[in-house]
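Student: Numbering-wise, our numbering puts 203 at position 99 of the sequence shown, and it's gapless, one number per residue.
It is worth saying that the hints were derived from the structure and are not from the lab.
Hints may be right or wrong, so weigh each one.
If you anchor each label on the Cβ, the simulated ranges turn out as follows [claimed, not checked]: (1) Gln208 x Gln181: 28 to 38 Å; (2) Phe111 x Leu204: 16 to 26 Å; (3) Asp107 x Asp147: 29 to 39 Å; (4) Val117 x Lys152: 18 to 28 Å; (5) Phe111 x Pro163: 30 to 40 Å; (6) Pro184 x Phe111: 32 to 42 Å; (7) Gly145 x Phe177: 15 to 25 Å; (8) Asp147 x Pro206: 15 to 25 Å; (9) Asn108 x Leu192: 34 to 44 Å.
Capping the alpha-carbon separation at 27 Å, the derived lysine-lysine pairs in DSS-like fashion look like this [unchecked claim]: (10) Lys152 x Lys116; (11) Lys152 x Lys139; (12) Lys152 x Lys135; (13) Lys139 x Lys116.
None of the values given here were measured: they were computed from a predicted structure.
Ideal Cβ placement from N, Cα and C applies to all residues, glycine included.
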Amino acid sequence: MADNLDFDTFLKVDIRVGTVVRAEPFPEARKPAIKLWIDFGGDIGERKTSAQITAHYTPEMLVGRQVTAVVNFPPRQIGPFMSEVLVLGLPDATGEIVLLRPDQVVPNGGRMQ
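With the sequences and hints as input, model every part of the structure.
Tutor: Set out below in structure tokens:
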């Protein structure tokens, strides 16, 4: 279990929902990954990231899917690609990532409460 944190620290983590508008294989990555472009709407707009989610997803099945992501991390260079958000997921029984997403469609940009 992680260390306890106070509520004010938790509020600093900006977790939003967005819709994947584009997805491509990322063959240059060290581990198999997919490049994602996600529309968070409003003030955030479109942001890109890469995710090691190839065990359960193909680029084609991700377009149009809503996902959750931390949107206030600083950009991070992943090989030749600049990642701007961190998509959230949980490991399955074998350790492969399953994306976190709302169970109903919600407006893009909605912040986790």
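Student: Of the hints stated earlier, which fail here?
Tutor: As far as the earlier hints go, only 9 is violated by this structure.
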